[in-house]
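Mind docking chains B and C on chain A? Use the hints.
Chains as they are written, first to last, in the working numbering: chain A, 0 to 229; chain B, 714 to 1225; chain C, 4 to 331.
No wet-lab data here; the hints were simulated from the structure. Idealized CB from N, CA, C, for every residue including glycine. There could be a bad hint or two in this list.
If you want the footprint, here are the derived chain C segments under chain B, 3+ residues with CB under 8 Å [as the list claims (entries may be wrong)]:
#1 82 to 96
#2 148 to 161
#3 204 to 216
#4 267 to 273
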Amino acid sequence: MLQFDTLTLAQGAFRLTADWQAQKGARIALIGPSGAGKSTLLAAIGGFLRPTQGRILWDGQDLTPQDPGARPVTTLFQDQNLFPHLTIAQNLGLGVSPSLRLTPADHARIEAALEQTGLSGFGPRKPAALSGGQQSRAALARALLRDKPLLLLDEPFAALGPALKGEMLGLVTALADRTGATVLMVTHDPQDALRFAPLTCLVANGVAHPPQPTAALLDNPPPALAAYLG
Amino acid sequence: MADRALSLSAAGLAAALFALLLAPLVALGLSFDGLTLGAAEAAALRFTLWQAMLSALISVGLAVPVARALARRRFRGRGVLISTLGAPFILPVIVAVLGLLAVFGRAGWVNSSLGALGLPEFTIYGLQGVVLAHVFFNMPLAVRMVLQGWQAIPAERFRLAQSLGFSPADTLRHLEWPMLRAVLPGAALVIFVICLTSFAVALTLGGGPRATTIELAIYQALRFDFDLPTAARLALLQFALCAAAYLLATRLTLPSSFGAGQGRAGGPPAPGGWRRGVDAVAIALAGLFIALPLLAVVLAGLPGLGDLPVQVWQAAGRSLAVAGASTALCISAALLLALAAARGRGWPALAATLPLAASSLVLGTGLFLLLQPYVRPSSLALPVTVVINAALALPFAFRILAPEARSLYSDYNRLSRSLGMTPWARARWVVLPRLSRPLGFAAGLVAALSMGDLGVIALFAGEAEATLPLLVQRLMGAYRMETAASAALLLVALSFALFWAFDQWGRRHAAI
Amino acid sequence: MNRLFPAAALALLTTAAQAQTPVLNVLTYDSFTSEWGPGPAIETAFEAVCACDLVFSAVGDGAELLARVQLEGAKSEASVVLGLDTNLTAQAAATGLFAPHGQTGGNDLPVPFDDPIFLPYDWGYFAFVYDNTKLATPPTSFEALAASDLKIVIQDPRSSTPGLGLLLWVKAAYGDRAPEIWAALADNILTVTPGWSEAYGMFTAGEADMVLSYTTSPAYHLIAEEDAGKSAAAFDEGHYMQVEVAGKLAAAPQPELADQFLAFMATDAFQSVIPTTNWMYPAHMPEAGLPEGFAQMITPAKALLLSADEAQAARKNALDEWLTALSR
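Chain A on its own, in the form it takes in the complex (with noise of 0.2 Å):
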């Protein structure tokens, strides 16, 4: 169980509250306006930004005092998600030891990983050869290795088109049916909302409210969402 306690983020003059909770396995996408803190929740979850308040607990662990890499949490980044210098097998065999000391069980792990992922026979090759939906393949491919139980994605299919978004979102929906992972997804598109996350939690004026089922807030939108919206 993801727990926000009382959480208040800030940075400068901007501030996030929120105070809920969701269930193991929620799929939930964070919407609102640019600047609303949808990427500032997910820093936060991720390890990169300290509360000024209250906690963020997993399974009744406070989080706050671990490290990103200890957290158990993978973020796919809005971008920067493959060290460019690294071929697509070593940076998915930093998602099975980040000192790259790999075994060979490690190493058919990494293939089978490409493998699930539609990229079978890139291991050998760099980020830079490969085309934009294969690079987000290969870092689904390392969230897959990493296993974790949480799944934060920043807006990492945003640049591709609508065909290739809709089938990274149904990589990711398989891969989180397979782990059971409980995933958050920011995103401005309210069909990926509906198409992927069953709960979606508004977050506007500084506030990320509870989650609500997608269906009815969509239809029944608040004022903030309304203007959002549009």
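This is chains B and C only, laid out in the frame that chain A set:
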């Protein structure tokens, strides 16, 4: 955790550096009464500031067109030329001065040609000579720094510019100018501060006591008047000027934020037409300006190279050992400070800039006073030289590493941390491969500087521990000017070989 | 870096061996002790008679030497300081760090010289050296030099002993007219270098017509290079002398050996090495006389030398005059 450890060790290092630089001043009896400058000192201060400012502005101003031409043109010998850019900077001062005189002096090539054409003579002695020499030393360094800035603009941005139909002027305004705003103040700062402590060049080419710098006033205080507190005060003044210049440069610097590319190959677009001609002229003139004095050094030293006395080779071995140790020490320290600076802190950069303003005479004298009660100074000649060379070369290594460390941090720190990479794993898989090009360049420069720098060894060396630069000086002191020229050529050749080897290593291992 | 460990080990060994062989430490300037200076031959000769280990420590030049003596104070390891000149000895004596030498026996200097603390070991005349293949009729005085178009290179008195010597040369020759001479010379001075070697290097590279050096400098070219093309110009005013001296430190760890070394300085074994290594005149004429070639050196009509106290009193003022005249 890893970040804490990094910050703490960088802070410890910076504190040690401050102590190393400032403790000698205290040892010399620095006191704060009577801080006013005498008329002679004020004149020295004015001249020092003026020549340093001119040298910095001209070096940087000339470096921009040369660096741009090198960034966007591909031609045979380009790699060699870029490597040779490191050479003037690593020449021992007296060798470089004699090389410059062979070209620009009274009996030099330029004046012989002018005379043959019936044109008036060019006089190198005066402010123009001081600035000319400083530009010769430092402009190539500025070219390397600016060139690195050009190469750091991701190819994607240039492609975007081309696809938007940018004219060269648009590219300049939107891509190159922001890069220059980020790179030039730092480059100018480094050169300004180097020239602040100029002494032999300023005096020899300045034509006499008109060209008195603060460093010469320090000599006078230490040697002529034996007035240690005055020397300490003047040394502090140099540090204060350095710190002020640092703050000014920091204000002028606008960090560019190009973001990361995918490391695709390709540089800035190479426009044709008259711009091609301008680039060719810039490269040709800069090449000649650097190559001719070097050629003079080679020609002077070549005849005697075959029968150098055995002591020269022994001294060369000692110098190589010193250079190796200084390089290892300096590069580790510079990397640590650059990584700490990348996390947005200001003090590492200040700590890594101050050594530029250190008066090596004051540093050596102060250290001598500090160490003498406990050990025989001559038994420490080589270790002290290693530490001092590393400290004095640190600013250059830091300047080269810092911008790249900054973009590495902003582009990949989040990812490395979210993957839980340990400091060692980050060093092995991210920092070293991504920084190998600047690391190689910096290591080459530091090694070469440590070979050539006389630093403070003259204050400590006994009869047995002469390094190659000291031996060159001894040969000259014994009338053996030709042997000295050959030993100097050996010194230059070894320095350059070290520089070239490290630089090539860095470029070969540069992670694409 | 592996050299450091042998060096440290050697230091330990030297300490251990000290019980048997006493070490005499002599502080001197760099070119004296260098491979091409008098140091190595003198070390061998003295060690043959003293049953001791003679160790030279070297600093840059005479001016630096005095600074070093003052820095080290009474804690110096050295027993003897060798290489100050008379322009610096008053200041050196005033430190109280030196002891009277107690030697008798005089010297062969061209002027009377007797100092209770400092003993001369060699001397020379400052002079402007020129290339006689390019310059047929050199100037014969400062005034003639000032009237000519010749370009000279000199050394800065603030960082070099020859530079200081020139300052006092003009002062000794012209007294109150010194500023006037400097003002007239200003356009002949191509440049001023920090030390002797830079200036001499520029001269041999053909950059200047004349360089401030010694009347004996041409002997080096004549004897070591078999080149008769360098000469020293004889000036009618006379030539200022540089007298190089050694003194015993009051806190000398090895006072007896120091006395023995000072006495040894007057012997042939020491003096005969001087002319062709330090390229100066020996303070005591060796039995075999001077090497061939020295006979061709000019002999100034008049030897100028301010006493140590006069030099000390004059130098600050002379420097100011020099700075004023050349800063215009």
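Quick rundown of the hints versus the structure:
1. 82 to 96: violated (count 1)
2. 148 to 161: holds (count 4)
3. 204 to 216: holds (count 7)
4. 267 to 273: Coverage by chain B is violated here, the residue count being 0 at a Cβ distance below 8 Å.
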